[in-house]
Amino acid sequence: MPAFLLNRLWQSLVLLVIVSIIGFTVLNLIPGGPLAQFALDPGMTQDDLDRLARQMGLDRPLPVQYLDWAGKMLVGDWGNSFRDGAPVLDVIGRHIFATFLLMGSSTALSIAIGTWIGIRGATHRYSGFDYTATIGAMIALSIPTFWFGLVGIYIFSLKLGWLPAGNMYTIGDGSVLNYLHHLILPSIVLSLVNVAIWSRYMRSATLDVINQDFVKTARAKGLTERRVLMKHVVGNALLPMITLAGMQLPGILGGALVTETVFTWPGMGRLFLDSLGYSDYPVIMGLLMFSAILVILGNLLADIVVALVDPRIRLG
Amino acid sequence: MTDKKHGITRRGAMQMLGASALLAPNLLGKPAFAQTPPEAPAGRIIVGMSQESTVFNPLMVKIEVDDSVHFSLFDALFRVTPEGEIVPNLATEVPTQDNGGISADGLNWTIKLRDDVKWHDGEPFTAEDVKFTLELILNPDFRSWRTIGHNLLSDIEVVSPTEITWKMAKPFAPYLNFLTETFIVPKHAFDGVEDPNAAPFNSAPIGTGAFKWGSRTAGDNVTVVANPGYHGDGPYVEELVFKYIPDLTVLYTQFKSGDIDLTGRQYITPDNYAEAQTLSDREIVLVPVSSVESIYLNQEKPQFKDPVVRKALYHAVDKASIIDALYYGLPLPSETFMPQASYYYNAELPEHVFDLDAANKMLDDAGWAKGGDGIREKDGVRLSFANSTTSGNHLREQTQQFLQQTFKEIGVEMTIENLPAAVIWGEFWGQSQFDSVIVGINFLIGADPDVTNRFHSDAIAAQGGRGSNNSQYSNPRVDELLIEGAETFDAERRREIYREVQAIIREDLPFLPLFQNRSVVGWKEGIEGVEFNANTRTESWHAAAWYWAQ
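Residue numbers (my numbering), protein chains in the order written: chain A, 2 to 317; chain B, 16 to 565.
Calculated from the structure, these hints are not laboratory results. Even for Gly, the Cβ is constructed at its ideal location relative to N, Cα and C. Accuracy of the hints is not assured; some may be wrong.
Claimed, not checked - Quick list of the computed label-pair ranges, beta carbon to beta carbon: (1) B/F205 - A/K73: 24 to 34 Å; (2) B/K320 - A/L28: 15 to 25 Å; (3) B/N123 - A/Y180: 32 to 42 Å; (4) A/V65 - B/F205: 25 to 35 Å; (5) B/T264 - A/D78: 36 to 46 Å; (6) A/L28 - B/Q565: 33 to 43 Å; (7) A/P64 - B/L167: 37 to 47 Å; (8) A/Y180 - B/Q565: 49 to 59 Å; (9) A/L28 - B/T264: 52 to 62 Å; (10) A/K73 - B/V102: 41 to 51 Å; (11) A/D91 - B/E253: 26 to 36 Å; (12) A/L90 - B/D388: 52 to 62 Å; (13) A/L63 - B/E522: 28 to 38 Å.
As the list claims (entries may be wrong) - List of simulated lysine-lysine pairs, DSS-like, C-alpha gap at most 27 Å: (14) A/K160 - B/K539; (15) B/K271 - B/K326; (16) B/K146 - B/K202; (17) B/K326 - B/K423; (18) B/K271 - A/K160; (19) B/K182 - B/K127.
So here's chain A without its partners, still in its complex pose (with noise of 0.2 Å):
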């Protein structure tokens, strides 16, 4: 085990660095930069203009920014946002806990119906229930969540007032309450999809298992249809889920572009798409390793709970 992660982490360093390489040549080679929002302003010069890149460091050429900026990192220093001047890590603390808090309620609501359904669907295999699901499923994953999110908004704030159209809170009222009113429909929105994507998973992964020996085996031994299926099915089923969840945890934390605009959510998405509308490369830069560090952990992560969960399977 610790040769094994000894070399994961090689590896990650290694990916990192050639992420960061791509990321940032992309990002300079995107014509306009920082300073392009300044360019209509009456009065601004090119004076004003040149002076601005020379503070920012932004006249270097791109090899010495890239080194300059790499070299920080290694310290520990992500820079500081060109929009407000704070460090890159307090920029995106500020906006994590949002996102954390929509994602983690829409994941777990997705996780546990998609489950339910993934299983009673292959289950009840071609029944009016599994066909039911899978069109639900074919829908939601063809709708684009800015619609359901509109039409949302529509229904269930503007016509029936029951719910917030949209923000993650009452302005003068930070109650937990308020939070959780302002978190029913967005959750719900992005469940949609999240919902079909995992019951679809969930159904396929557990048809794989149904009909194998060891369930036979098990039948053949007296147990219940019940304890069959919650022991030796479903445990084996998930296997593949784990390794599915762990890829979902970049998404978790990276946010939800669209729902996260439709909805005012002030989360990592939004932060992502304003900081790249600014050219603010600094959080663009920091938001990029910090997606990469989370696929990295999040693969990593679902190998050693695979290998804890499964006997079979060693790391090393």
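Fit chain B to the known structure of chain A by using the hints.
Leaving out everything else, chain B in the frame of chain A:
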């Protein structure tokens, strides 16, 4: 609102009525004086904005939405009124050559300051703060916003806590207007700070304004609270919240649902104007803004060198259809860069006529003959060019298609090459790499008519100049007038100068003027004291006067 179908029909009817219905005069709702402000600040007003305010040091490089917060937290030496008049704010009087505040040669300035102003932390405001502010702007390591005007200063001297003097390298009349947007920051907040770019002040600003810093939720809102010790009138609300709503459709939805009280920049989209007027308990007004929409023509491209081509193109712009069909009749047609409410506006410019026959004849007469493909040519130059604008701006994209059609009818080929905002307004625009661009520009700083930065031939960045003359326009007479105008303090003489500048530019057409925009702004009934000022960049320029009717 309860009957969606009915709403749509009414909206359709409004559109059919077209310009006549929509060009109604600027209705400012009920007269504000019917109500009086409360004794003590009460309530909260939430302003929705489609961009996030992130810069809180008012001297650092910033965008329009940051101004909303700055005008509430800070004061400048002077304020510019909606009528374009400059009135004292932290100063006690506006310096002129008559009152001796500005010397006869325009080079020595003396500013007298109020003695009753306190910073939000209780420290007194003095001339030292003004000196510190001006010096910080010129600090070569500080990421300051624009520096023109300030870079003429020298010998800034504090005479007494209420008097400051400085010298200027040359007489520069626009500087008064620049000072209305130069917010004064407290010297003591920077004591012991090594790098002003990273001062604690920048994220917890201290001002003298009607509101004090409250809190910020990044990506969501900035909250400021009433300053009871404010030296002016107001404030009348306890809390003012600038709420970031990243999508304009959602901004409007949240205005309808009541989540926000007032729509800030970029306001209500024109397509929602008719429906917005039917909302109950909401005031909806059309507010002219200083920004002028135009088609910039790069004067150095061979296609646009011949003035006849520029004039013919202008004749081939179906301006009325663009305004009525695409912009719901909201904008005001314009012939100049000058906002129409300005004292310096030249109302006698020749009016644009959409006339394809005249355009064709002009080009024929000038020797631009049609080739085999129907596109005109002369001396090896083909009348074909690209037009660019910010991709994703649907109204401009549709405008381009209109232009493409009418230009084709005069034998001119226009291709469309749009670019994302961060790309087009970079070097492509700054170094004049475009053929033509559709752009909305606010040409003025405050209410000052000086446009040296946009039209003087020394301001062409692509030719090594120091300004933003992006169409590479050059006219010796305009150069002369611009220099004279900047050095002249007499308003009447300046008016003559800038009216002539407008006339020459209308004749030369370095850009084809389309219209002066009007924003659709809405707020909840019950909010009083809202006034708009096209000489500033924000609806919240004077939130100190806002209050809820009891």
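Evaluation of the provided hints:
1. B/F205 - A/K73: 24 to 34 Å: holds, 25 Å
2. B/K320 - A/L28: 15 to 25 Å: Taking Cβ atoms as reference, B/K320 and A/L28 lie about 38 Å apart, which means the hint is violated.
3. B/N123 - A/Y180: 32 to 42 Å: With Cβ atoms ~59 Å apart, the hint is violated.
4. A/V65 - B/F205: 25 to 35 Å: Roughly 31 Å apart at Cβ, these two residues keep to the hinted range, so it holds.
5. B/T264 - A/D78: 36 to 46 Å: holds, 39 Å
6. A/L28 - B/Q565: 33 to 43 Å: Check failed, 54 Å falls outside 33 to 43 Å.
7. A/P64 - B/L167: 37 to 47 Å: holds, 39 Å
8. A/Y180 - B/Q565: 49 to 59 Å: violated, 32 Å
9. A/L28 - B/T264: 52 to 62 Å: violated, 29 Å
10. A/K73 - B/V102: 41 to 51 Å: The hint (41 to 51 Å, Cβ to Cβ) holds, given that A/K73 and B/V102 are roughly 48 Å apart.
11. A/D91 - B/E253: 26 to 36 Å: holds, 29 Å
12. A/L90 - B/D388: 52 to 62 Å: holds, 59 Å
13. A/L63 - B/E522: 28 to 38 Å: The hinted range 28 to 38 Å is violated for A/L63 and B/E522, with Cβ atoms some 46 Å apart.
14. A/K160 - B/K539: holds, 19 Å
15. B/K271 - B/K326: violated, 45 Å
16. B/K146 - B/K202: The given pair, whose Cα atoms are some 9 Å apart, holds under the 27 Å limit.
17. B/K326 - B/K423: Holds - the C-alpha atoms of B/K423 and B/K326 are around 15 Å apart, at most 27 Å.
18. B/K271 - A/K160: The given pair, whose Cα atoms are some 11 Å apart, holds under the 27 Å limit.
19. B/K182 - B/K127: holds, 15 Å
In summary, the structure is inconsistent with hints 2, 3, 6, 8, 9, 13 and 15 from the numbered list given earlier, while agreeing with the others.
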